[in-house]
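*Asks:* Here is what each chain is made of, one letter per residue.
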Amino acid sequence: DAGVTQSPTHLIKTRGQQVTLRCSPKSGHDTVSWYQQALGQGPQFIFQYYEEEERQRGNFPDRFSGHQFPNYSSELNVNALLLGDSALYLCASSLAGNSPLHFGNGTRLTVT
Amino acid sequence: EDQVTQSPEALRLQEGESSSLNCSYTVSGLRGLFWYRQDPGKGPEFLFTLYSAGEEKEKERLKATLTKKESFLHITAPKPEDSATYLCAVQALIQGAQKLVFGQGTRLTINP
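Those protein sequence lines, which keep their order, are chains C and F.
If you count the first sequence from 1, you need to add 153 to reach the numbering used here.
If you count the second sequence from 1, you need to add 1 to reach the numbering used here.
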């Protein structure tokens with residue numbers, strides 16, 4: 154049973170560029186959440202997708218956007234990258250409701 | 002403001018030396034408290050969910066407990082492979098939406 158998979162694992166971008174990160178949820182899960190984790194910090198909630206719609210959003214600017222596809226996979230897009238966007242981006246999947254999140258191993262984004 | 006605070010930030014123990022990690026929270030409408038383990042370069046791995054004060058869960062050398070204001074993760078006779086960052090997260094109803102709020106984690110090192 155495949156868990157949550159994310160691609161790519163590492164990415165280096167230049168300030169001002171745009172990036173797309175991808176996530177496939179755990180089999181049977183229908184809800185995808187994205188988190189940003191800075192070094193030495195806990196994950197910070199970006200947004201959550203369910204039934205192809207953004208259902209909740211954390212305190213992140215509109216430069217962060219996402220999408221969920223009919224097969225439940227998801228993308229996170231970040232425009233106009235800033236140096237401060239450098240972080241580990243985690244995707245987590247769950248069943249709608251109160252079920253625990255299952256995380257992928259993340260994409261390490263470095264903005265230079 | 003909803004907050005989750007973990008202490009200590011870092012903890013070094015000798016193999017076999019038992020201890021406890023603390024997670025204190027101030028949230029309204031608590032729907033659940035989660036403990037995760039995170040190894041370097043990996044995503045968080047789900048350990049436990051606790052829903053009500055007085056509840057306890059156990060897994061191998063780990064036991065999680067919950068009160069109305071805090072949770073403890075007790076580690077008994079730890080081994081070097083228990084070294085990791087332990088994250089606590091609370092699921093709360095915030096402005097009509099369920100959100101998961103993480104603490105900053107406790108970095109646990111077990112020396113052989």
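Treat the hints with care, since some could be wrong.
As the list claims (entries may be wrong) - Label pairs and their calculated CB-CB ranges: (1) F/54 <-> C/216: 36 to 46 Å; (2) F/11 <-> C/237: 16 to 26 Å; (3) C/248 <-> F/9: 27 to 37 Å; (4) C/171 <-> F/78: 29 to 39 Å; (5) C/212 <-> F/54: 46 to 56 Å.
In short, the hints are calculated from the structure, not lab data.
Computed from a predicted structure; not experimentally measured.
Built from N, CA and C at the ideal position, the CB exists for glycine as well.
*Asks:* Check the following: the C-beta atoms of residue 171 of chain C and residue 78 of chain F are separated by a distance inside 29 to 39 Å.
*Replies:* Since residue 171 of chain C and residue 78 of chain F have Cβ atoms about 50 Å apart, the given range 29 to 39 Å is violated.
*Asks:* Taking the beta carbons of residue 212 of chain C and residue 54 of chain F, is their distance inside 46 to 56 Å?
*Replies:* Because 29 Å falls outside the window, the suggested range is violated.
*Asks:* Starting from the hint 16 to 26 Å, judge whether the C-beta atoms of residue 11 of chain F and residue 237 of chain C obey it.
*Replies:* About 24 Å separates the Cβ atoms of residue 11 of chain F and residue 237 of chain C, which means 16 to 26 Å holds.
*Asks:* 27 to 37 Å was suggested as the range; check whether the CB atoms of residue 248 of chain C and residue 9 of chain F agree with it.
*Replies:* holds (34 Å)
*Asks:* Holds or violated: the 36 to 46 Å window for the beta-carbon distance between residue 54 of chain F and residue 216 of chain C?
*Replies:* Check passed, 41 Å falls within 36 to 46 Å.
Hint compliance for this structure: hints 4, 5 are not met, and every other hint is.
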